[in-house]
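Chains as they are written, first to last, in the working numbering: chain A, 567 to 722; chain B, 160 to 882.
Bear in mind the hints are in silico, worked out from the structure with no lab data behind them. Wrong hints could be hidden among the right ones.
[Said to hold, decoys possible] Lysine-lysine pairs mimicking DSS-like chemistry, simulated, CA-CA at most 25 Å apart:
{"id": "1", "chain 1": "B", "residue 1": "K409", "chain 2": "B", "residue 2": "K576"}
{"id": "2", "chain 1": "A", "residue 1": "K709", "chain 2": "B", "residue 2": "K368"}
{"id": "3", "chain 1": "B", "residue 1": "K355", "chain 2": "A", "residue 2": "K657"}
{"id": "4", "chain 1": "B", "residue 1": "K368", "chain 2": "A", "residue 2": "K657"}
{"id": "5", "chain 1": "A", "residue 1": "K721", "chain 2": "A", "residue 2": "K654"}
{"id": "6", "chain 1": "B", "residue 1": "K399", "chain 2": "B", "residue 2": "K355"}
{"id": "7", "chain 1": "A", "residue 1": "K691", "chain 2": "B", "residue 2": "K761"}
{"id": "8", "chain 1": "B", "residue 1": "K753", "chain 2": "A", "residue 2": "K687"}
{"id": "9", "chain 1": "B", "residue 1": "K381", "chain 2": "B", "residue 2": "K577"}
{"id": "10", "chain 1": "A", "residue 1": "K654", "chain 2": "B", "residue 2": "K373"}
{"id": "11", "chain 1": "A", "residue 1": "K585", "chain 2": "B", "residue 2": "K399"}
{"id": "12", "chain 1": "A", "residue 1": "K691", "chain 2": "B", "residue 2": "K874"}
{"id": "13", "chain 1": "A", "residue 1": "K579", "chain 2": "B", "residue 2": "K429"}
{"id": "14", "chain 1": "A", "residue 1": "K636", "chain 2": "B", "residue 2": "K373"}
{"id": "15", "chain 1": "B", "residue 1": "K439", "chain 2": "A", "residue 2": "K585"}
{"id": "16", "chain 1": "A", "residue 1": "K646", "chain 2": "B", "residue 2": "K255"}
{"id": "17", "chain 1": "B", "residue 1": "K577", "chain 2": "B", "residue 2": "K409"}
{"id": "18", "chain 1": "A", "residue 1": "K657", "chain 2": "B", "residue 2": "K255"}
{"id": "19", "chain 1": "A", "residue 1": "K646", "chain 2": "B", "residue 2": "K368"}
{"id": "20", "chain 1": "B", "residue 1": "K373", "chain 2": "A", "residue 2": "K657"}
{"id": "21", "chain 1": "A", "residue 1": "K579", "chain 2": "B", "residue 2": "K381"}
{"id": "22", "chain 1": "B", "residue 1": "K255", "chain 2": "A", "residue 2": "K654"}
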Amino acid sequence: MPTYQLTVNGELKTVEVSKDMPVLWALRDYLDLVGTKFGCGIAQCGACTIHLEGTAIRSCSITMAQVEGKSITTIEGLSKDGEHPVQKAWKSVDVPQCGYCQAGQIMTASSFLAKNQSPSKQEIKDAMHGNICRCGAYKRICKAVEVAAEEIAEKA
Amino acid sequence: MSSTKTAMTFSRRSFIRTSSLASGGLLIGFNLFTACKDAIKPPKDLSKLDYKDFNAFIKIAETGEVTIFSPNPEIGQGVKTAMPMLIAEELDVAWKNVYVEQGILDTKNYTRQLAGGSQSIRHGWEPLRQTGATARQMLINAAAAKWGVDASECTTNEGVITNANGDTLGYGDVAKEAALLEVPENVTLKKVSDFKIIGTDTYNVDLDKIVTGKPLYGMDYKAEGMVYAAIIHPPAFGQKLVSFDAAEAKAVTGVEDVLKYKDNIVVIGKDTWTVFKAKKLIKAEWASDKDLESTEDHDKILTDILDGNKFDTRRSDGNIKKAFANADMVLERTYESPFLPHNCMEPMNFYANVTDDKIHLVGPIQTPEGTAKHVAHLLERNEEEVHLEMTRMGGGFGRRLFGTFVVEAAEISNMIKKPVKLVYSREDDMTAGIYRPAIKYRIKASVKEGKVTGYHLKEACINDNMYGLIPNFFPAGAVENYQVDTANYKSAITTGAWRAPYANFLSFSEQSFFDELAELMEVDPVQLRLDLLQNVKGTTDERIEYSPKRMEKVIKTAVEKSGWGTKQQDTYQGFVAYYCHNTHVAQVADIVVKNNEPVVKKITCVVDCGIVVNPLGALNQIEGGIVDGVGHAMYGNFSFKDGVPSDSNFNSYRLIRMNEVPEIGTHIIESELAPTGLGEPTLPPVGGAIANALKALTGKRIYKQPFINNPDLFKVPNKTIVG
Ligand code: FES
Ligand code: FES
Numbered sequence: 567m568p569t570y571q572l573t574v575n576g577e578l579k580t581v582e583v584s585k586d587m588p589v590l591w592a593l594r595d596y597l598d599l600v601g602t603k604f605g606c607g608i609a610q611c612g613a614c615t616i617h618l619e620g621t622a623i624r625s626c627s628i629t630m631a632q633v634e635g636k637s638i639t640t641i642e643g644l645s646k647d648g649e650h651p652v653q654k655a656w657k658s659v660d661v662p663q664c665g666y667c668q669a670g671q672i673m674t675a676s677s678f679l680a681k682n683q684s685p686s687k688q689e690i691k692d693a694m695h696g697n698i699c700r701c702g703a704y705k706r707i708c709k710a711v712e713v714a715a716e717e718i719a720e721k722a
Numbered sequence: 160m161s162s163t164k165t166a167m168t169f170s171r172r173s174f175i176r177t178s179s180l181a182s183g184g185l186l187i188g189f190n191l192f193t194a195c196k197d198a199i200k201p202p203k204d205l206s207k208l209d210y211k212d213f214n215a216f217i218k219i220a221e222t223g224e225v226t227i228f229s230p231n232p233e234i235g236q237g238v239k240t241a242m243p244m245l246i247a248e249e250l251d252v253a254w255k256n257v258y259v260e261q262g263i264l265d266t267k268n269y270t271r272q273l274a275g276g277s278q279s280i281r282h283g284w285e286p287l288r289q290t291g292a293t294a295r296q297m298l299i300n301a302a303a304a305k306w307g308v309d310a311s312e313c314t315t316n317e318g319v320i321t322n323a324n325g326d327t328l329g330y331g332d333v334a335k336e337a338a339l340l341e342v343p344e345n346v347t348l349k350k351v352s353d354f355k356i357i358g359t360d361t362y363n364v365d366l367d368k369i370v371t372g373k374p375l376y377g378m379d380y381k382a383e384g385m386v387y388a389a390i391i392h393p394p395a396f397g398q399k400l401v402s403f404d405a406a407e408a409k410a411v412t413g414v415e416d417v418l419k420y421k422d423n424i425v426v427i428g429k430d431t432w433t434v435f436k437a438k439k440l441i442k443a444e445w446a447s448d449k450d451l452e453s454t455e456d457h458d459k460i461l462t463d464i465l466d467g468n469k470f471d472t473r474r475s476d477g478n479i480k481k482a483f484a485n486a487d488m489v490l491e492r493t494y495e496s497p498f499l500p501h502n503c504m505e506p507m508n509f510y511a512n513v514t515d516d517k518i519h520l521v522g523p524i525q526t527p528e529g530t531a532k533h534v535a536h537l538l539e540r541n542e543e544e545v546h547l548e549m550t551r552m553g554g555g556f557g558r559r560l561f562g563t564f565v566v567e568a569a570e571i572s573n574m575i576k577k578p579v580k581l582v583y584s585r586e587d588d589m590t591a592g593i594y595r596p597a598i599k600y601r602i603k604a605s606v607k608e609g610k611v612t613g614y615h616l617k618e619a620c621i622n623d624n625m626y627g628l629i630p631n632f633f634p635a636g637a638v639e640n641y642q643v644d645t646a647n648y649k650s651a652i653t654t655g656a657w658r659a660p661y662a663n664f665l666s667f668s669e670q671s672f673f674d675e676l677a678e679l680m681e682v683d684p685v686q687l688r689l690d691l692l693q694n695v696k697g698t699t700d701e702r703i704e705y706s707p708k709r710m711e712k713v714i715k716t717a718v719e720k721s722g723w724g725t726k727q728q729d730t731y732q733g734f735v736a737y738y739c740h741n742t743h744v745a746q747v748a749d750i751v752v753k754n755n756e757p758v759v760k761k762i763t764c765v766v767d768c769g770i771v772v773n774p775l776g777a778l779n780q781i782e783g784g785i786v787d788g789v790g791h792a793m794y795g796n797f798s799f800k801d802g803v804p805s806d807s808n809f810n811s812y813r814l815i816r817m818n819e820v821p822e823i824g825t826h827i828i829e830s831e832l833a834p835t836g837l838g839e840p841t842l843p844p845v846g847g848a849i850a851n852a853l854k855a856l857t858g859k860r861i862y863k864q865p866f867i868n869n870p871d872l873f874k875v876p877n878k879t880i881v882g
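Given only the sequences and the hints, what does the whole structure look like? Please build it.
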C-alpha cells in the first residue's frame with residue numbers, strides 16, 4: 567500500500583491507502599475528519615467539498631495520488647472555533663435543517679468569497695448551484711453568503 | 160378554546176421515574192404516552208404515520224445546570240430544539256442555561272420514540288409543558304419545606320426560587336430534595352401571554368457542531384475494531400440471487416470477506432472505499448420466476464383499477480350516482496404521479512455490534528423502538544438486550560421510518576461476529592428504496608344550478624392506500640353527495656411514506672381539479688373554495704378535522720398578501736388551499752416567462768399552524784417544504800424498466816438546486832391555539848399552485864408530474880445536469 571504525505575488543515579499528515587482512494591474516504595476513514603460528507607461520490611452534490619490550495623474541489627472525485635504533497639483544508643480547519651465569517655454567518659442566519667450538506671456548502675461559499683468579495687445575488691446563486699441541499703435550505707444559504715460577504719468586505 | 164387553558168390531571172403513574180442522581184440533583188422522567196393516552200388517538204400501524212408521542216427527561220445538577228434529553232429522533236425538522244423549549248418554558252429556566260442532549264432508545268422510560276407525521280410538537284404540546292411545570296412545582300415544594308413556608312407564596316424566575324421574605328434558592332440547591340418528594344397531581348400551566356421561550360427565535364441546538372464539522376451523524380460514528388460493509392441488492396425488484404463470483408473482489412487489498420446474505424451480497428473490508436470498490440468487481444447472476452415490473456405495466460394496471468369497480472369505499476355521503484345523473488355539468492379528470500425516491504442527503508447507514516451479551520446499534524433511524532424490536536425478534540434475542548443510540552439524521556422524509564438497513568447491519572454483524580458499519584452508496588440508496596408509490600387519482604364532480612352537488616374521488620395506488628383521515632379532508636362535508644374509493648395493486652417494488660404521504664400528490668390532483676371546475680362554472684377559483692367552505696360551517700360531523708373558519712382565514716390572507724387577481728399582465732397566478740397534518744395552508748404561485756420558458760418567480764404561503772414554538776425554526780421548515788414541493792413537482796421523475804430503477808444518482812435524477820428556487824413570502828396567522836404540524840403541510844399545496852399558474856399562462860392543464868416532462872412548456876434538451 568503506498569504512503570502519501572500532504573498538509574491537512576496546516577498539519578503534515580502521512581496516510582497509507584490505495585492510490586485510487588478518493589481524498590474523501592482517506593479523510594473520513596483514516597484521518598478521523600468526518601466533517602467532510604459523502605453524498606453522491608460522483609461530483610454531483612458538493613457535500614464533500616474541501617479546499618485544495620485554497621480552491622473548492624470535490625473530495626470524492628480526486629484521489630490521494632493526485633493530492634500528494636499538496637495542502638488541503640477541510641471544514642474542521644476552516645477556522646479555529648467556527649469563527650470564519652462564513653461559519654459565523656451560517657450561525658447568525660440559522661441555516662441548517664438536517665445540516666448534512668452544510669459543511670460542503672460552507673466550503674464552497676468560503677472559497678467563492680475569497681475570490682469575489684462583492685458578489686451579486688445572481689453570482690452567489692451560480693456559485694452555490696452545484697451544492698444540493700435536500701432539505702431545501704437554499705434561501706438561508708444564499709442569505710448567509712450575503713451576510714458573510716458583507717462582513718468580509720467590512721474587514722477588507 | 161385555547162388548549163393552554165385546559166387543566167389536565169396527571170396521575171402519579173404518568174411519572175414513571177423520579178430519582179436522585181448519584182451525583183446529586185434531580186432526574187425527572189415523564190411518560191408522555193401514558194399521560195396523553197386519553198387526549199390523543201392511540202398510535203396505529205407504524206407505516207401509517209399519523210401518530211407521535213414522546214417522553215422527556217429533565218436533569219438538574221446541583222450546580223443548577225439543566226439538561227433536557229430530547230427523546231425523539233432529529234431528522235432536520237427541529238424537534239431537538241423545539242421540544243426542549245416547551246419543557247424549559249414551564250420549568251422556568253433561562254434557555255441559555257439549558258443543555259440539550261439526544262436521549263437514547265429507552266423503552267422503559269420513554270415510549271414511542273419516533274419521528275413522522277409532523278406530530279412531535281402537536282402531541283408534545285401539553286405533556287411536555289406539564290413535565291416542566293411539574294418539575295418546577297417539585298422544586299418550589301422542596302424550597303418551601305426548607306424555608307418552612309407555604310409553597311404558594313414562592314415564585315420562580317429563570318431557575319431561582321424566591322419566597323415572600325425575599326430569600327432565594329437556586330434550582331440546583333434543592334434539586335436533590337425535590338427528587339424525593341411526592342409528584343404533585345395538579346400543576347397550572349402558564350398563560351400564552353406569559354411565555355418567555357415559546358414564540359422566540361431560537362437557534363438550532365446543534366448549530367455550532369454542524370458548522371464546524373463535528374461528528375453528529377450515523378455516517379460519522381466509529382467504534383474500536385469496526386469493519387465496513389457494502390451491500391449489493393438485486394438489481395431489479397423481484398429478482399433473487401443465483402450465484403456469484405467474488406474472486407476479483409477478494410483479491411483487493413483490505414477486503415476481508417465476501418458473503419451471501421439472503422438475496423444480497425455483502426463485502427466486508429477495512430474502509431468504505433475498499434468495500435465500494437470491491438463491490439463493483441463481483442460478478443453475480445440473478446433470476447426471477449415472475450415477470451419483472453415496468454412503469455408501463457403499472458400505468459395500465461392503475462388505469463384498469465380506475466376503470467373497474469373493485470374499490471373500498473372510505474367515505475360516502477348522500478348519493479353520488481343520483482347527483483351525477485341529475486347534473487347540469489359533469490367534470491372528470493385523472494391525475495398521475497411517478498414513484499419517488501427519498502434521497503436523504505445522508506445515504507442509509509448503520510452501526511451494529513451483535514455480541515453474546517448485547518446488541519449495540521447506532522445510527523439514524525426515525526423508528527428506533529420498532530426497529531430495535533424487529534432486530535431482537537429476527538436474531539431471537541430479548542428486547543432488553545438491544546441498546547440503540549440515535550444519531551442526528553441527514554434527512555428523513557419518511558425513508559428512515561423503514562429500518563431495512565438497520566436489520567441488514569445487525570444480521571451482518573451477527574454473521575461475521577464483529578462490529579460493523581453498513582454504508583450504502585448513493586446508488587444503493589436510490590435503487591433499493593422504499594419509494595413513494597405511483598398513484599392515479601380520478602376525480603369527478605357534478606354541478607347543478609351553479610352549485611357543486613357531487614364529488615367522487617377514486618385512488619389507485621401501488622401497494623397501499625391513503626390513511627384513514629384523508630377521506631375526511633376538504634371537500635368532505637362541503638358537498639352533499641360525496642364519496643372516496645380506494646384500491647391498490649401489490650407490487651414487488653417496495654413503497655412507503657414519503658414526506659406528507661398521499662397528501663403530497665392528492666393535493667396537486669384535487670387543487671388542479673378545483674381550478675378547472677371553477678373555470679367550467681365560470682367562477683373565481685378562490686370564490687369556489689370560499690363558497691364550498693360555507694357549507695361546512697357549524698358541521699356536527701366529528702370526522703371533519705379541518706376548520707372552515709381557519710381555512711377561510713388563510714385563503715383571505717393569501718388573496719391579500721399575493722395580490723391575487725390584481726397582478727400585472729406578465730405575472731400569472733395559481734391558487735391552492737389545503738389542509739393536512741392539522742395545519743391549514745393557502746399558497747399562490749406567481750409565474751413569469753423568461754427566455755421563452757415559464758419560471759416560478761414566487762410562492763406566497765399563508766400558514767395557520769397554531770402557536771409557533773420556534774419561529775426561526777418554523778420558517779426554515781416552511782421554506783424547506785415549499786422548495787421540496789417545487790422541486791419534486793417540477794423535476795421528480797422516477798420509473799422502472801423490468802424491475803430496474805431508472806436512476807441511481809444525481810447525474811440523472813434531478814433535485815432542485817439554488818438557481819431554481821423561487822422567492823418565498825411566508826405569512827403565519829397569529830394564534831393562541833395549540834401548535835399543529837409543520838414539517839410537512841407546506842409541501843403538498845405547491846404542485847397545484849404551480850400547475851394552476853401554468854394554466855393561467857398557457858391555457859393548458861397539467862395532469863401529470865413531473866411538469867418538466869411537458870416538452871411544449873419546458874425546453875429540457877436532456878435531463879442530465881452537471882453539478
Ligand atoms: S459526494 Fe462528492 S460531490 Fe457528492
Ligand atoms: S440541511 Fe439537510 S441537506 Fe442541506
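Here is what the structure says about each hint:
{"no.": "1", "hint": "K409/B to K576/B", "verdict": "19 Å, holds"}
{"no.": "2", "hint": "K709/A to K368/B", "verdict": "20 Å, holds"}
{"no.": "3", "hint": "K355/B to K657/A", "verdict": "22 Å, holds"}
{"no.": "4", "hint": "K368/B to K657/A", "verdict": "10 Å, holds"}
{"no.": "5", "hint": "K721/A to K654/A", "verdict": "14 Å, holds"}
{"no.": "6", "hint": "K399/B to K355/B", "verdict": "59 Å, violated"}
{"no.": "7", "hint": "K691/A to K761/B", "verdict": "16 Å, holds"}
{"no.": "8", "hint": "K753/B to K687/A", "verdict": "18 Å, holds"}
{"no.": "9", "hint": "K381/B to K577/B", "verdict": "13 Å, holds"}
{"no.": "10", "hint": "K654/A to K373/B", "verdict": "16 Å, holds"}
{"no.": "11", "hint": "K585/A to K399/B", "verdict": "35 Å, violated"}
{"no.": "12", "hint": "K691/A to K874/B", "verdict": "21 Å, holds"}
{"no.": "13", "hint": "K579/A to K429/B", "verdict": "20 Å, holds"}
{"no.": "14", "hint": "K636/A to K373/B", "verdict": "24 Å, holds"}
{"no.": "15", "hint": "K439/B to K585/A", "verdict": "17 Å, holds"}
{"no.": "16", "hint": "K646/A to K255/B", "verdict": "23 Å, holds"}
{"no.": "17", "hint": "K577/B to K409/B", "verdict": "18 Å, holds"}
{"no.": "18", "hint": "K657/A to K255/B", "verdict": "16 Å, holds"}
{"no.": "19", "hint": "K646/A to K368/B", "verdict": "13 Å, holds"}
{"no.": "20", "hint": "K373/B to K657/A", "verdict": "15 Å, holds"}
{"no.": "21", "hint": "K579/A to K381/B", "verdict": "20 Å, holds"}
{"no.": "22", "hint": "K255/B to K654/A", "verdict": "18 Å, holds"}
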